[in-house]
Structure formats: C-alpha cells, structure tokens
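Residue numbers (my numbering), protein chains in the order written: chain A, 1 to 266; chain B, 1 to 226; chain C, 1 to 91.
If you are wondering where the hints come from, they were derived from the structure by calculation, not from laboratory data. Keep in mind the model is a prediction, meaning the values are calculated, not measured. Hints are supplied without guarantee of correctness; some may be wrong.
To be verified - Computed list of lysine-lysine pairs in DSSO-like fashion (alpha-carbon distance at most 30 Å, straight line):
| id | chain 1 | residue 1 | chain 2 | residue 2 |
| --- | --- | --- | --- | --- |
| 1 | B | K221 | C | K21 |
| 2 | C | K90 | C | K63 |
| 3 | C | K52 | C | K21 |
| 4 | B | K149 | C | K63 |
| 5 | C | K52 | C | K90 |
| 6 | C | K77 | C | K21 |
| 7 | C | K50 | C | K21 |
| 8 | C | K63 | C | K52 |
| 9 | B | K221 | C | K63 |
| 10 | C | K90 | C | K77 |
| 11 | B | K221 | B | K171 |
| 12 | C | K77 | C | K52 |
| 13 | B | K149 | B | K171 |
| 14 | B | K171 | C | K77 |
| 15 | C | K50 | C | K90 |
| 16 | C | K21 | B | K171 |
| 17 | B | K149 | B | K221 |
| 18 | C | K50 | C | K63 |
| 19 | B | K149 | C | K21 |
| 20 | C | K77 | C | K63 |
| 21 | C | K63 | B | K171 |
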Amino acid sequence: MTGHFHPYHLVDQSPWPLTAAIGAFGLTAGLVKGFHNSNFNLCFIGLFIIILTMFQWWRDVSREGTLQGLHTNAVEFGLRWGMILFILSEVLFFFSFFWAFFHSSLSPTIELGSCWPPVGVDAFNPFQVPLLNTAVLLASGVTVTWAHHSLIESNFNETSYALLLTVMLGIYFTILQVFEYYQAPFSIADSVYGSTFFVATGFHGLHVIIGTTFLLICLFRHTLNHFSSNHHFGFEAAAWYWHFVDVVWLFLFVSIYWWGSCLFSM
Amino acid sequence: MATWGQLMFQDSASPLMEQLIFFHDHILFVLILITVVVGYFMIAIMTNSYINRFMLEGQEIETIWTIIPAIILIFVALPSLRLLYLLDEVNSPSITIKTIGHQWYWSYEYSDFNELEFDSFMIPSTDLEEGQFRLLDVDNRLIIPMENKIRVLVTAADVLHSWAIPSMGIKVDAVPGRLNQLSFFSSRPGVFYGQCSEICGANHSFMPIVLEVVDTPSFIKWVSAN
Amino acid sequence: MLLAGTMSAAVMSSGEKVELKTAPFDARFPNQNQTRNCWQNYVDFHRCVKAKGDDYEPCQYFKRVYRSLCPNAWVDKWDEQREEGSFTGKI
Chain A
1 MTGHFHPYHL
11 VDQSPWPLTA
21 AIGAFGLTAG
31 LVKGFHNSNF
41 NLCFIGLFII
51 ILTMFQWWRD
61 VSREGTLQGL
71 HTNAVEFGLR
81 WGMILFILSE
91 VLFFFSFFWA
101 FFHSSLSPTI
111 ELGSCWPPVG
121 VDAFNPFQVP
131 LLNTAVLLAS
141 GVTVTWAHHS
151 LIESNFNETS
161 YALLLTVMLG
171 IYFTILQVFE
181 YYQAPFSIAD
191 SVYGSTFFVA
201 TGFHGLHVII
211 GTTFLLICLF
221 RHTLNHFSSN
231 HHFGFEAAAW
241 YWHFVDVVWL
251 FLFVSIYWWG
261 SCLFSM
Chain B
1 MATWGQLMFQ
11 DSASPLMEQL
21 IFFHDHILFV
31 LILITVVVGY
41 FMIAIMTNSY
51 INRFMLEGQE
61 IETIWTIIPA
71 IILIFVALPS
81 LRLLYLLDEV
91 NSPSITIKTI
101 GHQWYWSYEY
111 SDFNELEFDS
121 FMIPSTDLEE
131 GQFRLLDVDN
141 RLIIPMENKI
151 RVLVTAADVL
161 HSWAIPSMGI
171 KVDAVPGRLN
181 QLSFFSSRPG
191 VFYGQCSEIC
201 GANHSFMPIV
211 LEVVDTPSFI
221 KWVSAN
Chain C
1 MLLAGTMSAA
11 VMSSGEKVEL
21 KTAPFDARFP
31 NQNQTRNCWQ
41 NYVDFHRCVK
51 AKGDDYEPCQ
61 YFKRVYRSLC
71 PNAWVDKWDE
81 QREEGSFTGK
91 I
C-alpha cells in the first residue's frame with residue numbers, strides 16, 4: 001500500500017481503547033459501590049459499555065483483516081502467538097483453582113471432619129449429568145474439527161452445519177450446567193468444597209459461554225463469507241479456545257467431580 | 001529486653017538463641033569475606049588499564065566463579081538447616097502452655113494442672129508504677145519454671161498474631177483454627193519481653209508478651225496458689 | 001489439689017525431687033502444626049468412652065492429652081457441637 005515497505009499492520013486511531021477504559025473503570029468502581037449500598041447500576045453501565053466496546057472493536061478488527069486485507073502473514077503470525085500466550089495465561093488461571101482444590105482436598109482440615117467430600121456435603125454423582133457433559137463437550141470437539149476440515153475444503157454448507165452443531169452443543173452444555181447448579185444440594189458457602197467447586201466449575205462455565213459466543217460469531221462471519229480456505233484465523237482461534245475449554249473440563253471432571261466425590265477419610 | 005540504641009541481639013536466655021547468635025556471627029564472617037573479595041575485584045577492575053576488546057567468554061573463570069559461590073552457599077546452608085530442624089525439635093517437654101492471641105491481648109492456658117487460664121493485658125502508660133516499662137509490661141505475666149523444656153501451642157481467636165520472645169530465640173505465628181507448636185528451654189531465671197510480631201489491627205503495638213522464668217519450686221507454688 | 005485429674009505428677013515437699021509431666025511427643029504429629037494432634041485425642045477420648053463406658057480409666061489418658069493440647073475455647077465449641085449433633089468427627 002501507499003508509502004510503507006513492511007508487512008506490519010499499523011492500526012488507525014480508534015476510540016475503543018478509551019471507551020474500554022471508561023467501561024472498565026465503571027465496572028470496578030460500580031462493583032465496589034454496589035458492595036457498599038447494594039445498588040449495582042454503575043456496575044451494569046460499565047459492563048454494558050465494555051460489551052459495546054468489545055462488539056465494535058472486534059467488528060473493526062474483522063473489517064481490517066477481511067475487507068482491508070491488513071492481516072498479512074506477518075500479522076497473522078503475531079495473532080497466533082497472541083492467542084497461544086492468551087490461552088497459556090488461561091491455563092495458569094485454572095491451574096490456581098486446581099491448586100486450591102488439591103490443597104484443600106488432599107489434607108482436609110478438622111473442621112471438614114478430616115474427610116473429602118466434607119461431612120454433610122453430598123457430592124454429585126459424576127456418572128450422571130457430568131458424564132453426559134463430558135460426552136457433549138467431546139462431541140463438540142469433533143464437530144468443530146469437522147467444521148475446520150470442511151472450511152479447508154471450501155465446503156460452505158458442511159462448515160455451516162458443523163459450526164451450528166458445535167454452538168448448539170455448547171449451549172446444551174450450558175443448559176445442563178444451569179440445571180445441575182439449580183439442583184445442587186450444596187452452595188458456594190458450604191465449606192471449602194463448595195467454594196472450590198463453584199469457583200472452578202463456574203469459571204469454566206463462563207469460559208464455555210465465551211467460547212460458544214466466539215464460535216457463534218464465527219458462524220455469522222462464515223455466513224457473510226468472511227472465511228476463505230486458507231485465511232480464517234478468527235475461526236482457528238475460536239477452535240483453539242474451544243479445545244482449551246474442553247480440556248479444562250476433562251480435568252474438572254476427573255479431579256473435582258470424579259476423584260473428589262469418592263469419600264475418603266483420614 | 002532491648003534497650004535504647006541497641007544494635008546487637010539481646011543476651012540469649014536459651015541454648016537455641018545462643019546457637020542463633022553463633023550462626024549470625026558465622027554468616028557475618030562469610031559476608032565480610034565476600035565483600036572484601038568482591039570489593040577487591042571491583043577496585044582492581046576499575047583502576048587498571050587492561051582492556052581486551054575481543055574477549056566474549058572465559059570458560060575457566062566462569063567455572064571458578066560459579067563453583068566457589070556454590071561451595072560458600074553450602075557452608076551457609078548446612079548450619080542454617082541444622083538450626084532450622086533443631087528449633088522445631090520437641091522432645092519430652094515438661095509442661096505445655098497454650099497461648100491464644102486476641103485483639104488485642106494474649107491469653108494463656110495451663111491445662112496440665114487444674115485448669116489455669118488468664119489474660120495478659122499491657123499496662124496503660126497512665127497506670128505504670130516506678131520501674132515498669134512503658135508499652136512493655138503486662139498485668140499478668142506468663143510464668144514458667146527454669147531449666148525445663150517448655151512446649152508452647154500458639155493459636156489465635158480472631159486474626160493473625162505472632163508470639164515472640166527475642167532473647168529466647170522464639171517466634172511463631174498465631175493463626176485462627178491452627179495450633180502451632182514451639183518449644184524452648186530457659187537456662188536462667190529472669191523477666192523477658194516480647195511483642196506481637198504480626199500486624200493484627202489498631203492496637204497491634206500494645207499487646208506485649210512478658211515471660212517470667214522462676215525456679216521450679218516457686219513455679220509449683222505459684223500454680224498451686226492460683 | 002494440684003494433681004487432681006491432671007497430666008502433672010509434680011510433687012513438692014522439702015528436698016524432694018520435683019517432676020513435671022505433660023502430653024508426650026507423638027510421632028504421628030512430628031510437625032509444627034499440632035491442630036490434628038489435639039483433635040485426634042479429643043475424638044479418641046469420646047470414641048473410647050463410647051466403646052468402654054465412662055468409668056473405664058485408660059480413656060482418661062486421651063482426655064488428659066487433649067486438655068493439655070487443645071485451646072479451651074475449641075473444646076467448648078466441640079462439646080456444644082457434639083450436643084447439637086453437628087460435630088464433624090466420627091465418634
């Protein structure tokens with residue numbers, strides 16, 4: 001393009017960093033304010049501004065990449081590494097919750113009755129809904145791969161079907177988790193079991209919702225013909241993220257639901 | 001008790017504090033050695049005019065300046081670990097004292113005998129009598145028999161505190177819901193002072209610890225009288 | 001008076017050797033953290049009484065140990081919890 005001799009994308013001036021900062025400030029200040037006087041209006045306004053910013057900023061990014069052709073190979077290289085490092089940071093985020101879980105469960109304190117699950121906590125049977133959830137997420141991992149291969153082979157219809165199926169499986173997982181939470185015989189306030197359980201599975205649930213949204217956006221962009229067979233990093237990033245969420249679930253299922261529900265005492 | 005302008009440790013009143021002081025002196029000796037040698041190197045490098053523009057590495061000197069600090073660290077680590085494990089050792093104590101940190105006072109329980117428990121509050125500056133130490137003396141002292149192995153179990157009732165007596169070389173955190181064990185041996189009679197050593201709120205500075213070490217018959221007499 | 005129901009075998013009379021005794025070192029709890037030492041002896045005492053009855057003398061050993069090790073506030077709390085049936089230990 002005019003006047004520059006490098007492959008990099010020098011971004012245009014944009015209002016979104018500023019609106020994101022305003023939204024983040026409103027969110028944090030509103031949260032603290034809400035804790036003080038139970039009025040969360042400012043918090044919701046901040047959240048709304050952030051969501052609006054995210055929509056418009058990422059809309060701009062996909063225009064730059066898809067329509068303006070600014071995402072060259074060198075830029076895509078940077079995007080890939082950015083996504084890899086982001087997912088790595090997410091891995092470490094979940095690592096801390098697993099650390100908290102194993103710290104508390106491997107040597108349960110006397111207040112818990114020196115056993116795990118603690119006295120009075122009825123853990124879920126891991127082979128009912130949680131096992132179904134495992135199957136749902138594993139199946140969604142298959143369908144997202146199907147979508148990817150269809151995309152590489154320029155098969156528009158199969159990509160759409162597979163992606164739609166993936167999104168629906170993601171929504172199904174979320175619905176199952178909502179019912180599971182609704183029926184839970186213990187709450188987040190029931191000892192460190194409830195705390196670690198709901199914080200870990202809750203953050204995983206949040207990541208499922210984020211991943212589902214990401215895939216849904218990819219589906220919309222696909223219907224708008226944004227993806228070509230050799231240039232579709234937005235989709236790949238969503239797929240990577242989805243696989244990450246899937247793997248976290250497997251660890252959650254095996255450690256917290258399964259191993260963590262087998263009664264043992266000291 | 002520490003006095004004005006005191007730079008060094010208080011005199012030790014227990015064998016382990018003696019060991020801690022020996023260890024401190026040992027470490028200072030090592031530090032002086034390192035400071036002198038490194039200082040000599042620095043001055044020598046800065047004051048000479050030898051320059052080698054093409055020297056990028058020197059395997060021999062790098063090997064030497066890696067191995068020598070490693071050996072020095074071993075000489076620091078071994079006595080340190082020995083002391084660490086000695087401080088944790090509890091062998092056949094003669095009495096157990098429970099110490100509970102509160103906002104903002106300590107309370108003590110002697111349950112080997114007929115239940116004996118009391119609170120230990122700092123004496124306010126306005127109530128001090130001649131010879132008492134401001135912000136350091138308490139109404140009820142912790143009394144122990146001398147030349148006996150003492151086990152102290154420390155916990156807290158509200159927030160974190162820390163129970164410490166420098167001249168005995170002891171300090172342990174008081175954590176709600178947890179019992180921390182500590183043992184010491186007092187080699188001589190006397191009154192020893194300490195202070196809460198974990199920020200615990202507004203009056204953290206005003207919950208001192210006073211330990212009075214007496215001979216065993218006096219101790220028994222005191223226990224029987226209470 | 002000093003000796004009644006205690007760990008201490010201290011005796012004081014003129015010229016006699018004085019001996020103080022407390023809960024001994026327990027190899028199950030070699031660490032600084034003695035929380036479970038106290039708790040285990042509390043539970044063991046009540047298990048012992050449940051199995052052997054109130055008058056069984058050897059049970060008193062556990063009681064002496066837990067009285068020596070546990071903060072009184074903990075013992076009071078656990079006694080209340082046992083009465084309410086909300087004590088977490090298996091007795």
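Checking each numbered hint in turn, tell me which of them this model violates, lowest number first. Every hint satisfied by this model.
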